[in-house]
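In this note's numbering, the protein residues as written are 1137 to 1299.
Certain hints may be false.
Label-pair ranges, simulated between beta-carbon atoms [stated by the list, open to error]:
hint, residue 1, residue 2, range
1, R1143, L1197, 25 to 31 angstroms
2, S1142, D1177, 25 to 31 angstroms
3, V1224, G1140, 31 to 37 angstroms
4, T1213, T1270, 14 to 20 angstroms
5, W1243, D1177, 35 to 41 angstroms
6, A1156, L1220, 20 to 26 angstroms
7, H1139, P1246, 47 to 53 angstroms
8, V1224, H1139, 32 to 38 angstroms
9, L1163, V1228, 18 to 24 angstroms
10, T1176, L1144, 43 to 49 angstroms
11, L1197, F1241, 34 to 40 angstroms
12, L1247, L1197, 27 to 33 angstroms
13, G1140, T1245, 44 to 50 angstroms
14, D1177, T1270, 36 to 42 angstroms
Calculated directly from the structure, the hints in this document are not laboratory data.
Predicted model only: the values in this text are computed from it and were never measured.
The C-beta atom is built at its ideal place from N, Cα and C for all residues, glycine as well.
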Amino acid sequence: MGHGASRLRGLVREVAKFGAVGGAGVLVNLLVFNLVRHVTDLQVVRASVIATLVATLFNYLGYRYFTYRNRDKSGRTREMSLFLLFSVIGLVIENGVLYAATYGFGWNTPLQNNIFKFVGIGVATLFRFWSYRTWVFRALPAPAPVSDTGPTAEQERNKQRVP
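Sequences and hints are given; from them, build the entire structure.
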């Protein structure tokens, strides 16, 4: 089996783990969104931002300790700062879709709110996957090839010729 097949298997495994955490995060996001909408009088986008923030915390823990647990952990402050930066961009993407649907097009029923919340999550997820794997949870450098420090076969033959 070639190196390419191994890399593909690794990417498939990473996408599956990212998807598992992200799927659970979507459920957290939608549950918090609907709970906040049900128990408060907050406007739809404000309720959505709260839900996105709760889901972002949930996702960080899942990505760090499940999906990317074997990635570089040396720069935790840098990692958290970048995660926050890209999460805020994702929050704007996600809630921008909901905002445009609600206030731009007037689609403001509970069903429409949930549909466009979900669509926004999907669009933002593509951005998050790319940014988290590229910038936040960086791969560890490949291990250096192990070299044999013993004498080469030619060096052994030359030793035997010495009078």
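Going down the list of hints, with the structure as the test:
no. : hint                               : in the structure
1   : R1143 to L1197: 25 to 31 angstroms : 27 angstroms, holds
2   : S1142 to D1177: 25 to 31 angstroms : 54 angstroms, violated
3   : V1224 to G1140: 31 to 37 angstroms : 36 angstroms, holds
4   : T1213 to T1270: 14 to 20 angstroms : 18 angstroms, holds
5   : W1243 to D1177: 35 to 41 angstroms : 20 angstroms, violated
6   : A1156 to L1220: 20 to 26 angstroms : 22 angstroms, holds
7   : H1139 to P1246: 47 to 53 angstroms : 50 angstroms, holds
8   : V1224 to H1139: 32 to 38 angstroms : 37 angstroms, holds
9   : L1163 to V1228: 18 to 24 angstroms : 22 angstroms, holds
10  : T1176 to L1144: 43 to 49 angstroms : 46 angstroms, holds
11  : L1197 to F1241: 34 to 40 angstroms : 35 angstroms, holds
12  : L1247 to L1197: 27 to 33 angstroms : 31 angstroms, holds
13  : G1140 to T1245: 44 to 50 angstroms : 48 angstroms, holds
14  : D1177 to T1270: 36 to 42 angstroms : 40 angstroms, holds
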